[in-house]
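Asker: These protein sequence lines are chains X and U, in that order.
So the first sequence is residues 4 to 352, counted in my numbering.
So the second sequence is residues 419 to 602, counted in my numbering.
Label pairs and their computed distance ranges (CB to CB):
#1 X:G53 - U:A567: 50 to 56 Å
#2 U:T598 - X:Q323: 19 to 25 Å
#3 U:V595 - X:S106: 48 to 54 Å
#4 U:K601 - X:A41: 49 to 55 Å
#5 X:D322 - U:A567: 40 to 46 Å
No farther apart than 27 Å at their CA atoms in a straight line, the calculated lysine-lysine pairs in the DSSO-like style are these:
#6 X:K172 - X:K200
#7 X:K70 - X:K140
#8 X:K200 - X:K351
#9 U:K455 - X:K140
#10 U:K454 - X:K140
Source of the hints: derived by calculation from the structure; they are not laboratory data.
Since we're looking at a predicted model, the values are computed, not measured.
Yeah, the Cβ is synthetic: ideal placement off N, Cα and C, and Gly gets one too.
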Amino acid sequence: MDFWIDDIGWPFIKIFIIANVALMMVALLVWAERRVAALIQDRLGPNRVGPLGLLQPVADVIKLFLKEDLTPGHVNRPFFIIAPALTMMPAIISLAVIPFGASLIIADLDIGILFIFAISSLAVYGITIGGWASNSKYSLLGGIRSTAQMISYEICLGLSVIGVFMLSKSLRLQDVVLMQGDGIWLFGEHYTGIMGKILDWNIFKQPIGFILFMIAGFAETNRTPFDLAEAEQELAAGFHTEFSSMKFALYFLGEYAAMISIGAITVTLYLGGWTFFGLENLGGSFSWLTQILIFAVKLLALQFFFIWVRWTIPRFRYDQLMRLGWQVLLPIGLANILLTGVLKLIFKV
Amino acid sequence: MEPIFHDLLAAGGGHAVAFYACSAVTIAAAILMVMKKNPVASVMWLVLSFIGLAGIYVTLQSYFIAVIQVLVYAGAIMVLFLFVIMLLNLRREDIAKMELPKVPFAGVIAAILFFVSVFLVIKASTPAFEKPVDALLGEPALAGDSVRAIGIPLFSQWLLPFEITSVLLLAAIVGAVALTKKKL
Chain X
4 MDFWIDDIGW PFIKIFIIAN VALMMVALLV WAERRVAALI QDRLGPNRVG
54 PLGLLQPVAD VIKLFLKEDL TPGHVNRPFF IIAPALTMMP AIISLAVIPF
104 GASLIIADLD IGILFIFAIS SLAVYGITIG GWASNSKYSL LGGIRSTAQM
154 ISYEICLGLS VIGVFMLSKS LRLQDVVLMQ GDGIWLFGEH YTGIMGKILD
204 WNIFKQPIGF ILFMIAGFAE TNRTPFDLAE AEQELAAGFH TEFSSMKFAL
254 YFLGEYAAMI SIGAITVTLY LGGWTFFGLE NLGGSFSWLT QILIFAVKLL
304 ALQFFFIWVR WTIPRFRYDQ LMRLGWQVLL PIGLANILLT GVLKLIFKV
Chain U
419 MEPIFHDLLA AGGGHAVAFY ACSAVTIAAA ILMVMKKNPV ASVMWLVLSF
469 IGLAGIYVTL QSYFIAVIQV LVYAGAIMVL FLFVIMLLNL RREDIAKMEL
519 PKVPFAGVIA AILFFVSVFL VIKASTPAFE KPVDALLGEP ALAGDSVRAI
569 GIPLFSQWLL PFEITSVLLL AAIVGAVALT KKKL
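All chains should be modelled from the sequences, with the hints used to inform the complete structure.
Answerer: Right, here's the structure in full:
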């Protein structure tokens, strides 16, 4: 019966917990987005439902559930129904290989990051099919724009992380986490002082890669300044113009789920994951709790950054977006790989 | 119960069930892909078929191949297919007009080829069922670090063919650019 406990029971419990925590975080983010937007625009934001307005997402979801689920007559029904789910799914699935703690990982695959890229490359179907199945011009144009954008920036996203794996010599995400923060190696010497440990984070060892990854991450999640798929003044609501009720909610929440998944990857690859210079061992046998807290704090700080950018920077024009992706980010990404190789030989890291 | 199936279940339990489930998905999706008249539906069924195929690779413990299968075929190539089909904007009446050419001779040849390939597959796979199930379900040595197991031979033993392939791809890229950009 060990098979049922070890291979079916525990993974199922872990999946259940992580998926639900992720969905709770999505709700929290929706609230945070509105409050931070209000802060930036010198307003109050939603502050009436519950303490600090924290129950606002609950009210929103109840509203969305109770709204009429309208399926227009001109749509391609089966695709119209599955498209929103196809957007939400990849973001949640990619959390399966993220290490939230020393032993808190659903699937410790030796190809961790490739799994994430494979799954998130499927996210594009939700938007493409949704735009196409709506049978409306705004939706189709929004969907096609978004597809072109996502496949362009996916390449940049993939190139930007190669440097990290050249340093860690492993695609397993747990190895990448453990490699960071234990002191930097320079010219064959191991510096384990506090500066050495801080500089060991990949954000300092791979600054160009980090910036590229963040830019491409914004584009992949369709966030401002890259939210051209739903540019109101040109395309109504873009690919989700025809969707209502929970179908719209899935698109809406899917964006936040994608933010969480990109944020979790960034924390793991560049910000030391669940470690924090020895603090992660605090609490003895309950250290897993400390590790989750460390991860959550880093993740939330990053989400704040995502929201901050959205309410600060205006949207790109479409030709600018494509030029940036192919003519600026792609060559820089390739150069970063070469540079990493050369520096690795010089500094013997 | 068939003895082979019984052995598989006894030794590989979940693996065997997952293997057959993925195979069923792959084959069913492939058949649906051919039968659908709507090209977008065909593309989506083909994507599902590729994902099923990736599932088969996972049950054989070659995670790297499985992930590349999804990443390259399902995630990149099929997206481009979908893109092109959408931009072609085939209308329902256009699709209805398209019929298979009625050449009985072609049908006969296709049927013969199908049965020959099925026969060969069955013939080739029969000895494998006599092996222990562990050997059938992938090499454990490979499973440890599938990236290294593929990467090192690729960049040492098979370096020349690999580089020639990359030059071929480069030629294809240059060709595509030359075809689409009239004024360079």
